[in-house]
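Peer 1: Starting from the given sequences, assemble the full structure and let the hints guide the process.
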Amino acid sequence: MRSAGYLLPALFGFALTTNVSAHQPVMDMAPRWEHGYGFQIRYESYGSDTLLNGESEVDNPFNRDNDVSITWLEGIYTFRREVRLSVKIPYVDHHRSVVQNGASVQESGRGLGDVIVGVPLKRYKNDAAATRNIAFTPSIRLPTGSTSGDYPVGDGSTDLGVSFSASFEKADLYQYYDLFYWKNGDGDRGINEGDELGLDINIGWHPYHDNVKNEGIFLMLDASLRYQDRGQNLAGTTGGKRISTGPVFVYYRKGIMFRAEYKYPVYEDLYGTQVSRGPELNVGLGFVF
Amino acid sequence: MRVQLVICAALLATNVAIADQDNTAEIVAEPNQAVIQVNGIVCSFCAYGTEKNLSKLSFLDDSQFGDNGVLIDIQSQRVTLALQPDQKIDLAQVYNAIKKGGYDPVSFHVNVRGQVRKDGDRYLLTSPDSGQVFEIIGDDAGRLVDRGLINVNGQVDVGRVAALKIGQPVPVVMTSSATN
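Protein chains in written order, with our numbering: chain A, 126 to 414; chain B, 25 to 204.
Please note: incorrect hints may appear among the correct ones.
Just the calculated beta-carbon pair ranges, DEER-fashion [unchecked claim]: (1) Leu210(A) / Pro152(B): 46 to 52 Å; (2) Asn358(A) / Asp91(B): 40 to 46 Å; (3) Phe374(A) / Glu159(B): 37 to 43 Å; (4) Leu285(A) / Gly183(B): 41 to 47 Å.
Calculated directly from the structure, the hints in this document are not laboratory data.
Glycine included, every Cβ here is placed at the ideal spot set by N, Cα and C.
Peer 2: Here you go:
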């Protein structure tokens, strides 16, 4: 029962937990070596023109929509395998249609978003045919993004996060569980995004690997569960529940990793009337040294 | 979603069964190679730092295994090093390279070639190429004396590897030998 005893508390034993974002190999699998470092450029895109009231899709006569693109520059430094420092810098380019005075209005914003700094603290255990770790990651999201404009790229608040994660890996199987919580502070201009609780699960298969070339492929299934307290931004109410899932493809060769992920919301229950988050695409290219 | 939860539960249960698999089948190193059994080395992307650390060692033959003399087999969790026959192996450096890479070496296996002589109550094998000296340990070690060049397969105690100094005889527990 040693494995279960190790993983289950990480999954269910902690009431409030947090992380920076969903699983990203450059930030988790590697670099696990002393004085290793890496960076990843990741493009994230999501959006929709589906209007929801609670769980129900409703008419959208003003064609309200939301379209978000974020390019992340993510870096990590490993002091030793148990102690790391991560920085995630977003460049946001988004636009939406909202209703003002009975008419549809286009809003947009572009620029540096809120930078996230995390300190993953890990504990590893290496077995004969497997490796596993649990991690505690305190994080802070800094108000580096501008809050000006009709669709600001920042909210002006300093947010604190914490996550507990567990991963388990053998040569052909990968599992990752990440339970996180963000305490979102009060922002500028009345923006107050609600606190967020989430669970990410990655189950992966390693179908191909070449020992000599140090090249391989991971295929994963990602499931993401989110709950966000009712909040407010310039477009109206925020918050609700969401479950999304989809496939992840990872190719690596030596210190280079490519990752593509597609997630689709299979369940949403939003506060008030909001535009669905919609399907999400993540494409990343990472390097470790 | 229910299906995914069932899959997750099944995979968690699988953890219990696979966590402590014994992967210590007898290992025989080829001539001019060292093989290290390493716990946890199941992902080569994650082990890139270990490979990089090892590839910097001066006694590796970087014409082997691609371009760096290091082969990491994630199925067997073994690291094989191609060695230059005329260079002394520093196993303490190998140990540290793997540890700093985030993994735990559990056994070191070597194939050493040379002539065995008796030195007090010890049996010492000296490589004619590198001049490195190995202490051959085993009940049959005495029969290797004065038999000319021979190859000895054996294991170096992982508990002693980190403290080995270059120039000191490397203790090798003999598992087999062959006349060259």
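Peer 1: Does each hint fit the structure? Answer for all of them.
Peer 2: A quick look at each hint next to the structure:
{"no.": "1", "hint": "Leu210(A) / Pro152(B): 46 to 52 Å", "in the structure": "holds (50 Å)"}
{"no.": "2", "hint": "Asn358(A) / Asp91(B): 40 to 46 Å", "in the structure": "violated (53 Å)"}
{"no.": "3", "hint": "Phe374(A) / Glu159(B): 37 to 43 Å", "in the structure": "violated (51 Å)"}
{"no.": "4", "hint": "Leu285(A) / Gly183(B): 41 to 47 Å", "in the structure": "holds (44 Å)"}
In this structure, the earlier hints numbered 2, 3 are contradicted, and the remaining ones agree with it.
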